[in-house]
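So the chains spell out like this:
Protein chains: 2
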Amino acid sequence: MSRFFSSKYKNLTPYTPGEQPKDTQYIKLNTNESPYPPSEKAIKYASEASEKLNLYPDPTCSALHEAFAKTVGVETDMVLATNGSDEILNFAFMAFCNENCGAVFPDITYGFYSVFAQLNNIPYEEIPLKDDFTIDVNDYIGKNKTIFIANPNAPTGIPLSLSQIEEILKGNPDNIVVIDEAYIDFGNDSAVSLIPKYDNLLVTQTFSKSRSMAGARLGFGIASKEIINDLNTVKYSTNPYNINKMTIAAGIGILEDNDYTLNNCEEIIKTREYTADALSSLGFTLTPSTANFLFAKHNKISGKEIYSELKENGILVRHFDKEKIKEYNRITIGTKEQMETLVSTLKSILEDR
Amino acid sequence: MSRFFSSKYKNLTPYTPGEQPKDTQYIKLNTNESPYPPSEKAIKYASEASEKLNLYPDPTCSALHEAFAKTVGVETDMVLATNGSDEILNFAFMAFCNENCGAVFPDITYGFYSVFAQLNNIPYEEIPLKDDFTIDVNDYIGKNKTIFIANPNAPTGIPLSLSQIEEILKGNPDNIVVIDEAYIDFGNDSAVSLIPKYDNLLVTQTFSKSRSMAGARLGFGIASKEIINDLNTVKYSTNPYNINKMTIAAGIGILEDNDYTLNNCEEIIKTREYTADALSSLGFTLTPSTANFLFAKHNKISGKEIYSELKENGILVRHFDKEKIKEYNRITIGTKEQMETLVSTLKSILEDR
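The listed protein sequences derive, respectively, from chains A and B. Following this note's numbering, the numbering of the first sequence begins with 1 at its first residue and continues without gaps. Following this note's numbering, the numbering of the second sequence begins with 1 at its first residue and continues without gaps.
Hints were generated in silico from the structure; no laboratory data involved. A portion of the hints provided could be inaccurate.
All copies of an identical chain are treated as equivalent in the list; a pair is satisfied when it fits inside any one copy or across any two copies.
Stated by the list, open to error - Cross-link-like lysine-lysine pairs, in silico, DSS-like; alpha carbons within 30 Å at most:
(1) 52 with 41
(2) 311 with 41
(3) 270 with 52
(4) 143 with 8
(5) 197 with 8
(6) 270 with 130
(7) 170 with 8
(8) 300 with 322
(9) 22 with 70
(10) 22 with 52
(11) 8 with 322
(12) 41 with 197
(13) 10 with 197
(14) 10 with 170
(15) 22 with 44
(16) 347 with 41
(17) 70 with 52
(18) 22 with 41
(19) 8 with 225
(20) 297 with 326
(21) 336 with 52
(22) 10 with 326
(23) 143 with 170
(24) 170 with 70
Computed from a predicted structure; not experimentally measured.
Next comes chain A alone, as it looks inside the complex (with noise of 0.2 Å):
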């Protein structure tokens, strides 16, 4: 630390990305990426674009808001794109939150939340999960904060329904409630169709999961026209030029390339089920996760051991060192061929003890 750091931020401890080991020979299941390339028309609209960088990228992204729009049923300007979701979610924290209006999220959830709430200086509290890792709606009637769910919840995978997230809406009228939908993709109904009833609806996308882009860094709020237009304003205040050109042309590419998405998305559900099937007959526990990854503990050894040794076998697991959740790893769904490699190398691991 430098003499002349803020002292507001001598304390802030920032997030741990998983690992992004710069060789490839690892089956890389740490980071809940696809395991398909992105579409055909990303690639080449992305490389056209490449051609023309001596320019600014469009600030106002009209054409890829547009596009995200049309194919989530929204109007045009109740879209924002940003440089990944974690910027939308920033954004959140800097437009909705406030020392007098705090943030709320379960105890285990996206571990971000709690470095945005500390680096923007936000009290915030977290509310333990029940003990089979659900979500308790009722913990979060009435709460006078700002509230931040992931839907389906991360590391967990598990869902809550429609219903459930409108309970919640309507318990909180003069808060913004954020529906993180990382992961809504693989098996669960967007909220995004609430927004027309709820004006304290925010949802947050990414295209890093089910639209094979977590390279080329985009996100999105869907909201209405008022909390777009606040969330513009941090946006033109922070960086207005946040998306660049490439990005911009990848993402109109992928949503023209719909069907691909829709079809890689049936895939990896069809691989979560096979491979969830194989890790119950090896004796493993897991939570009924409806995203691409799965959430699982073995009672004979230790969550860290069962990830060492996969690392050690050229496969690498999310483990997450948090009391509550240590024995589990959370374990990205990649090709069915990759999760066969895991299945197997898991039984060997298991038969050596």
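Given the coordinates of chain A, assemble chain B onto it according to the supplied hints.
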């Protein structure tokens, strides 16, 4: 504004980026882009990267950091890549200013500094330029505030010498001095050479101007390891994957083609001298700009009128409404051909008077 918007931002006036017309019918001399496309390697590497967008980028940007550090002649852990130089500037306001340590910068400079200060709730002082639009170094001694100086300054293009910058660094040994070198490559010496001598110096650069990559969004901070470490704390608490895979690749490509950048800069300097002479002959008054733009006024026609008449004739330049500079226009240096068209168009406009 929604009823949920945080009161702290209710008076925030966002930055207004230059017009980015969606059609390409204009000769675009309004946002200081390079008239030259990115280098072949930049395009090739970016296109290749677009095929692997399903995987996250390297959050440490290690290959890009290494290439950039080598180019500017510092150690790899003395640089940090950001999503355009706006992001590194915002990080600097976040990390090195607070309620007790305000910011100071000239009254006429990059318009985003005051927005960043407001966004981060930082008190700021704007020091008037001298009548000839130069900075008086004596105004920046013993400020007890974080100092932001664009060198050369925008929109005047007038530089400080390295010895003047040293005076400011020596005069504020306990405060960070940020030297924003967005336009350094068009005829001035970088303050990077001063970093080993001054632990309070943070230099920022951008690939948007000399390196033909405005569309890719790539900026850098260059400073002591300790300062870069602080900025990394902010980055990993804000957006760990702040640079996408294609921009990382394009950045490495353009750095490998460094001669291409140097040749383009030489060409732009020559074209600037041609244009400055031609405009002087037409009766314009110019600041002694050493950037990739000129700053010019005419005693017969108002700045606003010149802007409007040029726009009617298919040429976009940048006009600022600020009282002290409202008679001027900032004119980006394009290709020789584009500038010949500008000169002949201005000639016709003046003849019609």
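Going through the hints against the structure:
When the C-alpha separation of residue 52 and residue 41 is checked against a cutoff of 30 Å, the pair qualifies both within a copy, at 17 Å, and between copies, at 13 Å. Proximity of residue 311 to residue 41 under the C-alpha cut-off of 30 Å is found in neither arrangement, the shortest distances being 35 Å within a copy and 35 Å between copies. Proximity of residue 270 to residue 52 under the C-alpha cut-off of 30 Å is restricted to the inter-copy arrangement: shortest distance 23 Å between copies versus 40 Å within a copy. For the identical chains of this complex, residue 143 and residue 8 are neighbours both inside a copy (26 Å) and across copies (21 Å), given an alpha-carbon limit of 30 Å.
For the homomeric pair residue 197 and residue 8, the shortest alpha-carbon distance between copies (28 Å) is at most 30 Å, but the shortest distance inside one copy (39 Å) is not. Within a single copy, residue 270 and residue 130 get their C-alpha atoms as close as 28 Å, which meets the 30 Å cut-off; across copies the closest is 70 Å, which misses it. For the homomeric pair residue 170 and residue 8, the shortest alpha-carbon distance between copies (26 Å) is at most 30 Å, but the shortest distance inside one copy (35 Å) is not. Proximity of residue 300 and residue 322 under a CA criterion of 30 Å is satisfied intra-copy only: 19 Å inside one chain copy versus 71 Å between copies.
Taking the closest pair of Cα atoms, residue 22 and residue 70 come within 30 Å of each other only across two copies (20 Å); inside a single copy the shortest separation is 37 Å, beyond that limit. With identical chains, the CA atoms of residue 22 and residue 52 are at most 30 Å apart both within one copy (28 Å) and between copies (13 Å). In this homomeric assembly, residue 8 and residue 322 come within 30 Å of each other (Cα to Cα) only inside a single copy, at 25 Å, whereas the closest approach across copies is 34 Å. With identical chains, the CA atoms of residue 41 and residue 197 are never at most 30 Å apart, being 35 Å at best within one copy and 50 Å at best between copies.
Taking the shortest Cα distances, residue 10 and residue 197 sit within 30 Å of each other only across copies (26 Å), while inside one copy they are farther apart (42 Å). Taking the shortest Cα distances, residue 10 and residue 170 sit within 30 Å of each other only across copies (26 Å), while inside one copy they are farther apart (38 Å). For the identical chains of this complex, residue 22 and residue 44 are neighbours both inside a copy (25 Å) and across copies (20 Å), given an alpha-carbon limit of 30 Å. For the homomeric pair residue 347 and residue 41, neither the shortest alpha-carbon distance inside one copy (40 Å) nor that between copies (46 Å) is at most 30 Å.
Taking CA atoms no more than 30 Å apart as the test, residue 70 paired with residue 52 passes in both settings, with 26 Å inside one copy and 26 Å between copies. Taking the shortest Cα distances, residue 22 and residue 41 sit within 30 Å of each other both inside one copy (27 Å) and across copies (21 Å). In this assembly of identical chains, residue 8 and residue 225 lie within 30 Å of each other by CA distance solely across copies; the values are 20 Å between and 33 Å within a copy. Taking the shortest Cα distances, residue 297 and residue 326 sit within 30 Å of each other inside one copy (9 Å), while across copies they are farther apart (67 Å).
Taking the shortest alpha-carbon separations for residue 336 and residue 52, only the inter-copy value of 19 Å comes in at or below 30 Å, while the best intra-copy value is 39 Å. In this homomeric assembly, residue 10 and residue 326 come within 30 Å of each other (Cα to Cα) only inside a single copy, at 28 Å, whereas the closest approach across copies is 43 Å. For a Cα distance limit of 30 Å, the shortest separation of residue 143 from residue 170 inside one copy, 11 Å, qualifies, whereas the shortest one across copies, 52 Å, does not. Taking CA atoms no more than 30 Å apart as the test, residue 170 paired with residue 70 passes inside one copy only; the shortest distance there is 27 Å, against 57 Å between copies.
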